[in-house]
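Protein chains in written order, with our numbering: chain A, 221 to 399; chain B, 23 to 435; chain C, 4 to 147.
Careful: at least some of the hints might be erroneous.
[Stated by the list, open to error] Covered stretches of chain A (in silico footprint by chain B; criterion: 3 or more residues with CB under 8 angstroms from a CB of chain B, positions within the stretch not fixed): (1) 229-236; (2) 338-344.
[Said to hold, decoys possible] Here are the simulated DSS-like pairs of lysine-lysine, each with C-alpha atoms no more than 25 angstroms apart in a straight line: (3) B/Lys380 <-> B/Lys226; (4) B/Lys238 <-> B/Lys429; (5) A/Lys249 <-> A/Lys266; (6) B/Lys432 <-> B/Lys226; (7) A/Lys379 <-> A/Lys329; (8) B/Lys226 <-> A/Lys245; (9) A/Lys254 <-> B/Lys270; (10) C/Lys133 <-> C/Lys72; (11) B/Lys330 <-> A/Lys379; (12) B/Lys329 <-> A/Lys249; (13) B/Lys330 <-> B/Lys380; (14) A/Lys245 <-> B/Lys270; (15) A/Lys266 <-> A/Lys228; (16) B/Lys380 <-> B/Lys199; (17) B/Lys380 <-> B/Lys212; (18) B/Lys329 <-> A/Lys379; (19) A/Lys325 <-> A/Lys228; (20) A/Lys272 <-> B/Lys329; (21) A/Lys249 <-> B/Lys270; (22) A/Lys272 <-> A/Lys254; (23) A/Lys329 <-> A/Lys266; (24) A/Lys266 <-> A/Lys245; (25) A/Lys249 <-> B/Lys297; (26) B/Lys320 <-> B/Lys238; (27) A/Lys249 <-> B/Lys380; (28) A/Lys255 <-> B/Lys429; (29) B/Lys330 <-> B/Lys212.
[Said to hold, decoys possible] Partial chain C-side listing against chain A, Cβ under 10 angstroms, derived: (30) Tyr38; (31) Arg42; (32) Ser50; (33) His53; (34) Gln77; (35) Glu99; (36) Ser100.
Derived by calculation from the structure, the hints in this document are not laboratory data. Every residue gets a Cβ at the ideal spot worked out from N, C-alpha and C, and that includes glycine.
The residues making up each chain are set out below.
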Amino acid sequence: MEILSPEKIIGSFKAALGGDFIDSKIYQKEVAVKKNIFTSIWIHVKREAFRKAVEHICELQNCPHLSIISSSDRGNDVELIYHFTIYYGHHLQELSLGLRVNVPKNDLKIPTITDIIPGALFTERETQEMMGMEVVGIPDNRRLFLPDDFPEGIYPWRKDETGPEDLLRVLPGRQQKWQ
Amino acid sequence: MAVSKGTEKYTIPVGPIHPALKEPIRLDLGIDGEEIVDVDVIVGQVHRGIEWLGMNRNNAIQNIYLAERVCGICNICHPFAYVMAVEQAAGITPPERAEYIRVITAEMERIHSHLLWAGIAAHEIGFDTVFYLVWRVREEIMDLIEYVTGNRVTKAMFQIGGVRRDITEEQFPRIRKSLDYYKSIFNQLKTVFLDDRTIRMRTKNVGILETEDALKLLVVGPTARASGVPKDVRQDQAYSAYADLDIKAITPDVLTGAVIGDVYDRIIVRLLEVKQSIEIIERCLAEMPPGSILAEPKIAKLLNALKKTEGEGVGRAEAPRGEVIHYVRLEAGRETLAIWKIRAPTYTNLMAIPIILKGGQIADVPIAFASIDPCMSCTNRVVVVDQKRNKKSLLTNKDLHELSIEKTRKLKC
Amino acid sequence: MSLKAFKRALWVYHLNTGSCNGCDIEILAVLTPRYDVERFGIVLVGSPRHADVLLVTGPVSRQMAPRLKRVYEQVPDPKVVLQVGSCGMEGGVFYESYNLVGPVDQIIPVDVYVPGCPPRPEAIIEAVVKAWVKLERAAEQRIA
Chain A
221 MEILSPEKII GSFKAALGGD FIDSKIYQKE VAVKKNIFTS IWIHVKREAF
271 RKAVEHICEL QNCPHLSIIS SSDRGNDVEL IYHFTIYYGH HLQELSLGLR
321 VNVPKNDLKI PTITDIIPGA LFTERETQEM MGMEVVGIPD NRRLFLPDDF
371 PEGIYPWRKD ETGPEDLLRV LPGRQQKWQ
Chain B
23 MAVSKGTEKY TIPVGPIHPA LKEPIRLDLG IDGEEIVDVD VIVGQVHRGI
73 EWLGMNRNNA IQNIYLAERV CGICNICHPF AYVMAVEQAA GITPPERAEY
123 IRVITAEMER IHSHLLWAGI AAHEIGFDTV FYLVWRVREE IMDLIEYVTG
173 NRVTKAMFQI GGVRRDITEE QFPRIRKSLD YYKSIFNQLK TVFLDDRTIR
223 MRTKNVGILE TEDALKLLVV GPTARASGVP KDVRQDQAYS AYADLDIKAI
273 TPDVLTGAVI GDVYDRIIVR LLEVKQSIEI IERCLAEMPP GSILAEPKIA
323 KLLNALKKTE GEGVGRAEAP RGEVIHYVRL EAGRETLAIW KIRAPTYTNL
373 MAIPIILKGG QIADVPIAFA SIDPCMSCTN RVVVVDQKRN KKSLLTNKDL
423 HELSIEKTRK LKC
Chain C
4 MSLKAFKRAL WVYHLNTGSC NGCDIEILAV LTPRYDVERF GIVLVGSPRH
54 ADVLLVTGPV SRQMAPRLKR VYEQVPDPKV VLQVGSCGME GGVFYESYNL
104 VGPVDQIIPV DVYVPGCPPR PEAIIEAVVK AWVKLERAAE QRIA
């Protein structure tokens, strides 16, 4: 496995995904006294090519490290970012790779990647319960952090009417909920 | 992984309580005789909705103090990662002196956390004397932390763009005195933990995690390094002053020449990291650059600047338990954060628990579970399902603990 | 202060209702050789049925509220409830989150409050002394 430069990595994604590749961004910054460089790459792909993109990352690095899946509610769609890192174990060569996917709110489905990366199970379960996203093919469908008697249909990370605002407990002595 | 439905078992929700602290968690074990065949981990008792609070109620600076209280033991690494993420989003660069002070406080926390873990691990085997000894030794670093930052547990050192308190030249001799104390007793600590016959018998070849499994399950921190995977954010990615010091990830073959991935290897990795932290602090004190400690000292100006920025950032730091990652997105005109996502290291290490516990005995559950250094710990009562005899029985934590001590006594004779 | 009702030392049961562990490690530090409350015979026990004092930390999360009630009922009388940390009092930094069901004294009666985030071990020792005095008085009134 050779270590490619950020530009070459983006080039390989464009070649592998073709028209489904939307956008990319490289962020670099000098750090501390010796001015070593901190690099992170952001790649935006379409949902149809999502699994192919993950398989391509596995070709760049054997067993890539997936830190977490973050999701944000942007009104009409939900943006998922899969935070990968590649080239760990090599001194100062690790790159953060953020894979961005947009999912429309009226069709909240995303395929699972637990067959490629078994360690993604917990974070997919959390995305399911907190955002209301359905992960197709997930091996374990249970809730992770929310209690079993938490009402269905309320998703803490959403900013629309399904947010948990009604569940806030107002302390005794206060007149009304804060805004 | 759920306990197999064919045997008609159901599990009773277990209390959270462990007399020796830490957070609630529930473990459902399926057993065949004395051997564990299936494990289910159920979490969620400590969910406090911190990310929601950060996105809807607090502004970006108040979130630093909220991030500190995610965990009381790894108290520096969460604000560290959060502050780095916000600085990336807003384009603020902290001064070099602040980076070195951040690293010094982070390494002091690592020493305190590893000594805490060593005491708890000894307690789980039944060695209460070592537990008290190690926690007495730990008080020295707690005094040092209080001298430098002002408090024992929640330190409030971080600010967006730098640190809040300086470490001046007059404080250096006191810091060096504490480090010399630890250097002088380090060999004693090593002998107590690594050369003791009983600890060897209880921890060698117990709770093994192979390298292949550690890679596939995305395990982080000392748990991964003990299984031969050299993942260490301080070594791999250039962040803060670690980029200037050449840190090397410690794997157990440094001491023993081989990597097995059992509990003994995890003890080795954590003890050697204490020594590494002492050396890092000494280097930082020697190479500390002069200058200011804050990029923007006026808080009102900082808050205004943050309100107007738009951007996103990812901050990764190496906590005593592994990699911590914070993702932050700021939107112009919005005082609270637009998106905040936290992931603590035990989140991923928990997925390795079924493999670590499988094939072992019930008496090994306390030490094997504590060896990943969970920041949400052992259960009070564990429901044990005997698949052959189709019986259910409840073991309290006292029973588990006594089973563990019984095994030590049997091994000693 | 004479110990008429209590011929032996207090046994403490510690319950974590979802805290960040800060108060818990300060409670353990109270038992270790620096602050050493074990010289008075105070130990942590493994079962609520053996305890005299119930030590509660943490803001009460939704899952832990029924367990808190059940444990409180299992501790035999006379008992004292000590609540350590700011989060159990009004929520601390987590006030009014969606998964918290309110301060501890809305669920069980509390006798001694120890504010702080986390409180110092010295404050916890003083709280145990206050609890002891209260327990003595309560036991005397029942005997006399």
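Query raised in the report: Can you list which hints this structure breaks, lowest number first?
Result: Hints 1, 4, 5, 8, 13, 14, 16, 17, 19, 20, 22, 25, 26, 27, 28, 29, 30, 31, 32, 33, 34 are the ones this structure does not satisfy, whereas the remaining hints hold.
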